[in-house]
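Here is how the chains run, residue by residue.
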Amino acid sequence: MEEDILVVDHLTKRFGTFTAVDGISFRVKKGEIVGLLGPNGAGKTTTIAMIMGFTLPTSGVIEVFGKDISKNRQEILARTNYASAYTKIPYRLTVWQYLSMFALLYDVPNAKKKIETLLKTFQLPDHKKTLGEDLSSGNIARVNLCKAFINNPELILLDEPTSSMDPDIADQVRTSISEAQKKYQTTVLITSHNMAEIEELCDRVIFVNHGKIIAEDTPEALAKRIDVTKVKLLMKDGQKRTVAYCQEHQLPIEVKERSVTISIKEEAIAGFLSDLAKQGVEYGSISIEGPTLEDYFIGEVRHV
Amino acid sequence: MSKSLKRIFAIVYRHMVVWPKDLGAMVDAFWWPSFDMLLWGLMTVYIQRQQQTALPFITSFIIGGIVFWMFVYRSQQEMGVLFLREFWEHNLLAVLSTPISITEYFIATMVVGILKLIISGVYMSFLGWILFQFNIFLFGWYLVPFILTLTVVGLWTGFLVMGLVIQYGYRVQSLAWSMIMIIMPFSAVFYPVSILPGWMQSIARFLPSSYVFESMRQVIAKGTMDVNALFIANILNLIYTILSLLFFAWGFRRAREKGIIVKFG
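From first to last, the protein sequence lines are chains A and L. The first sequence lines up with residues 1 to 304 when you count with our numbering. The second sequence lines up with residues 1 to 265 when you count with our numbering.
I should point out that these hints are in silico values taken from the structure, not numbers from a laboratory. No residue lacks a Cβ here, since even glycine has one placed at the ideal position from N, Cα and C. Don't take every hint at face value.
To be verified - Computed, partial: chain L to chain A, Cβ under 10 angstroms:
#	residue
1	Phe-9
2	Val-17
3	Lys-21
4	Trp-88
5	His-90
6	Asn-91
7	Leu-93
8	Leu-96
9	Pro-99
10	Lys-258
11	Gly-259
12	Ile-261
With the rest of the complex left out, here is chain A (with noise of 0.2 angstroms):
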C-alpha cells in the first residue's frame, strides 16, 4: 500500500461569518501529482497556507508525513517545500545569493553543486549574478522553483507557479516541474485555474468550489463526466438548414461567420451527419472536439 504523505481531514477555516474551507477532507500519496483547481475564491490558496502553517485552520487535523502540522511544524517545512507566483525574489540579492540564504535555512549539504544544478535544471545557469529586480516573471518563477527544490522535498506545495505569465513561458515552467519531480521523485500539490497546466501535470485532481470538494479524480475522468462532443462544421451549402435543424432537435449551436459549432452526445453524432446529408447540407471541412477538463470546469462553476 502506498504511503500517505499528505492527509486533510475535515478542514474548516471560517474568516468571521465568511467560510473559506468547508471541512474539506483529502490524502495525497508518495509521489504523486495532485492538483486542487477551483475558480478564484474557492479555497485553494487558504487550503495550501494551512498545510504550510501560514493561516491557523479553524478545525480540521492536517497531518504530513504521519505528524501532525500543528505540533511537528519545523519538522515537517525541513522536508517541505513550497512556491508562488506571489512570493518574489528580495530586490538587491542575486538568484545565487538568493538560493544560498535558503540552502542554509534549509542546511543543504553540497549547496554550492546543488544551486548549480538546479539553475541547469530550470535553465538559469546564465543568472547567478542577475539581481532580484532585473528578472523577468518568468526567470522569477525559475528561481522560486529553484528553491523549491533546493533542500530535495518529499513533499512541495506549489501555489499558482505559473500565473500571469505568457503561455510559452507557462510551458517551459511546467515542463521543468514535470522534470524535475521526476528526478527528485518528489510528491507535488498544485493549486492552479489554469486546466491545461493541471491536465498535462497532475495524476489526480481535487476541484474545490465554495470551500468544498466538489470532485476528485484523474484529469480525464473528470473530463469524461461531461458527455456533451463540439461538433465544428465550415460550412459551404446549407447553413440555414443546419441552424433550423439543430433548433428543432434542440441542440446548443454557435455560429460565427461560415463556422458553426453544434454541442452534442458523442453517440449521436453519427445521425446528426447523415441527417445533414439527407437535407444536401455541404461542409468544408469538419472538427470533433471531445470533452476536456476545462468544459468539466465551466459547467462545474456555472451549475454551482
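Given chain A, work out where chain L should sit, using these hints.
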C-alpha cells in the same frame, strides 16, 4: 555550525549583503545622523559662545544626546524596517515556509540590527570627535551600560512595531520610522527631566531612556553616575522586552488566524 545557527546566519547574510547596495538604508544610517549632528552641533556651539558661563557643558550634552539617541533610534528602526522589507519584497512567505522558528528569526533580526548599530555608532562617535571634539570615551566604562540600555529600548520598541506590522501590514509602516519619536520628548534626550511638566515627568519615570540621558549629563557635569538609575532603567527594559515579545507573539498568532500573513507576505 548547528542547524539553528545556520538559519540565523542565513537571515543575517540576506540583510547584510544587500545593505551596502541600498541607498535608502545608507541615507538612514549615515546621512541623516550626520545632518543632525552638524545642525544641532553648530547651533549649540553658537549658543555656548553667546552664553559661555550659563551652560558650560551644553555642547557635550547635545552631542552626547545625539550620539546616544542614535542607538535608540537606529535599533528600533532597523527592527521595524528589516521586517517590513520582507513585506515590501514579498519574501515573508518564502522565509516562513522554511524550518526557521520565529525565535531564530528574531535573534537574526537583532543580530543584523546590532551589527549595523555598531557601524553607525563608530561612525557617529568619529564624526562627533572630528567636528566638535566630543570624545565619547570620556564616559569610560559607563559607555557600555549606556549603549546596551539604550539599544534594548530600541529593540523592544522595534518588537512593538513588528507586532503591529504583522497585523496591519503597510497601513502602519510609517511607525517603523516614527514610533520611537513618541517617547523622545519624554526621554529628556537634550534637557533634564526636571524641566518637563509634571505629567510628562510622570511618564518619563517609566521610560528607561530618561534614566540613561540623566546619567549621561551627570557623568559629563560631575564625573559620577547614579547606579540606581541604571538599575531601574534595566528593570523597566526587562519588563517592556517581555511585554513587547508577548505582544508580537499574540499579533503573530492573530495574523495567522486572520490569514494576514498570506495577504501581505
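These are the hints, each one checked on the structure:
The interface hint given for Phe-9 (chain L) is met, as the beta carbon of that residue sits about 6 angstroms from the closest beta carbon of chain A, less than 10 angstroms. Below 10 angstroms, beta-carbon pairs count as interface contacts, and Val-17 (chain L) has one with chain A at about 6 angstroms; its hint therefore holds. For Lys-21 (chain L), the interface hint holds, the least distance from its beta-carbon to any beta-carbon of chain A being 5 angstroms, beneath 10 angstroms. Satisfaction of the interface hint for Trp-88 (chain L) is found here, the shortest Cβ-Cβ separation to chain A being roughly 9 angstroms, below the 10 angstroms cut-off.
A cut of 10 angstroms between beta carbons decides the hint on His-90 (chain L): the least distance to chain A is about 4 angstroms, and the hint holds. At about 5 angstroms, the closest approach between the beta carbon of Asn-91 (chain L) and any beta carbon in chain A falls short of 10 angstroms, and the interface hint on this residue holds. Annotation: interface hint on Leu-93 (chain L) holds; nearest CB of chain A at approximately 5 angstroms, less than 10 angstroms. With a cut of 10 angstroms, the hint placing Leu-96 (chain L) at the interface with chain A holds, because the nearest CB-to-CB distance is about 6 angstroms.
Taking 10 angstroms as the C-beta contact cut-off toward chain A, the hint placing Pro-99 (chain L) at the interface holds, the least distance being around 4 angstroms. Of the supplied interface hints, the one on Lys-258 (chain L) holds, with its beta-carbon coming within about 7 angstroms of a beta-carbon of chain A, less than 10 angstroms. Interface hint status for Gly-259 (chain L): upheld, as the beta-carbon distance to the closest one in chain A is roughly 5 angstroms, under 10 angstroms. With a cut of 10 angstroms, the hint placing Ile-261 (chain L) at the interface with chain A holds, because the nearest CB-to-CB distance is about 5 angstroms.
When the structure is compared with the earlier hints, no violation turns up for any of them.
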